[in-house]
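Q: Please build the complete structure, drawing on both the sequences and the hints.
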Amino acid sequence: MIWQTTRFDIDLSRPQVMGIVNVTPDSFSDGGCHATTQSALTHCEQLIREGADILDIGGESTRPGAPPVCLSDELARVVPLVKEAVKLGVPLSVDTYKPQLMQAVLDLGADIINDVWALRWRDAEGHADAVRVVAAHPTCGVCLMHMHLEPQTMQVQPMQGDVVPQVRSFLERSAQMLMELGVEKSRIVLDPGIGFGKTVAQNFSLLARQSELLAAGYPLLLGWSRKSSLAGMTAPAQQNDKLAPRERLAPSLAAALCAVQRGASVIRVHDVKETVQVLRVLDAIRSAELTPIDF
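Mapping the sequence shown onto our numbering, position 21 (from 1) lands on 119, and the numbers just tick up by one.
Because the hints were derived from the structure by calculation, they are not lab data.
In this text, all values refer to a predicted model and were calculated from it rather than measured experimentally.
For glycine and all other residues, C-beta sits at the position ideal for the given N, C-alpha and C.
Do not take every clue at face value.
To be verified - The following label-pair restraints were derived from C-beta to C-beta distances: (1) Arg344 <-> Glu143: 20 to 26 Å; (2) Pro123 <-> Gly207: 24 to 30 Å; (3) Arg112 <-> Lys181: 41 to 47 Å; (4) Ala382 <-> Thr140: 28 to 34 Å; (5) Gln136 <-> Thr389: 42 to 48 Å; (6) Thr251 <-> Asp221: 43 to 49 Å; (7) Arg360 <-> Gly330: 17 to 23 Å; (8) Ala382 <-> Gln198: 44 to 50 Å; (9) Gly163 <-> Lys185: 32 to 38 Å.
A: Take a look at the structure:
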């Protein structure tokens with residue numbers, strides 16, 4: 099299976115590792131770590147050395163409760179980095195829901211739009227132009243994510259009931275809307291939105307029943323890295339304290355491995371080097387299964 103993007107046809111027969119590059123002051127795990135264009139570009143280069151297949155640049159935190167960022171601030175954070183990062187020789191994704199920023203980075207050569215709103219966001223005048231920006235581009239890739247409500251309210255009032263069919267139905271409708279506007283199916287990847295308006299149990303049901311999401315017929319991108327659901331499952335039984343985001347490497351790797359084993363095509367992670375190592379072990383095991391042993 100191929101993910102068609104602006105400059106690259108990404109081969110999804112091998113799981114792709116998407117390295118997170120947050121140029122934000124308030125992301126839940128690494129806010130403020132890469133605040134300047136040069137420090138963020140250095141981080142991009144480091145992730146590539148560690149084995150990242152794709153870079154995902156974001157200029158606005160969408161953690162639960164995060165306030166929205168004005169367009170001018172997001173442009174100032176993201177555009178200078180994209181100008182340089184497109185020269186690094188790997189597919190470049192931009193994590194945004196604002197159509198003006200989408201257009202700006204696509205004009206610079208960005209390959210993928212990664213939108214937590216699945217192109218549904220409307221401005222103060224009620225315009226939803228993101229879908230038109232993506233549909234008007236001849237080849238860019240797009241990742242459509244499921245989010246319940248919005249970042250300010252999604253964990254205050256999480257979803258009710260069995261989320262798997264609800265998430266699948268939403269993502270199928272979102273993809274179909276794009277295809278009706280002329281976007282090729284090969285450009286579309288879906289993300290069930292781990293942690294975006296779901297309870298801990300609901301998040302794990304999306305992983306356990308990932309095959310039901312894959313039945314929709316699209317590649318899946320999964321973002322489990324350092325999520326709070328993992329912290330709740332791994333805290334010592336006698337303690338109420340959850341693991342801090344930077345202490346969640348082991349559970350993040352476990353979730354990434356399970357997601358790939360259940361058919362995920364792209365894994366969005368903070369810890370690229372360790373994730374690549376885990377996937378190489380998995381690949382060696384799978385290769386050994388296919389290789390006859392002579393005694």
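Q: Compare the structure with each hint and give your call.
A: Structure-based check of all given hints:
For the hinted restraint 20 to 26 Å between Arg344 and Glu143, the CB-CB distance of approximately 21 Å keeps it satisfied. Between Pro123 and Gly207 the C-beta distance comes to about 26 Å, which sits within the given range of 24 to 30 Å. The hinted range of 41 to 47 Å is not satisfied by Arg112 and Lys181, whose Cβ atoms lie roughly 29 Å apart. Separation of Ala382 from Thr140 is about 31 Å and conforms to the stated range, judged on CB atoms against 28 to 34 Å.
Roughly 46 Å separates the CB atoms of Gln136 and Thr389, a value that falls within the hinted 42 to 48 Å. A hinted range of 43 to 49 Å is violated for the C-beta pair Thr251 and Asp221, which are about 19 Å apart. Hint check: Arg360 to Gly330, Cβ distance near 21 Å, so the stated range 17 to 23 Å holds. In this structure the supplied range 44 to 50 Å holds for Ala382 paired with Gln198, their Cβ-Cβ distance being about 45 Å.
At about 36 Å, the beta-carbon gap between Gly163 and Lys185 stays in the expected band of 32 to 38 Å.
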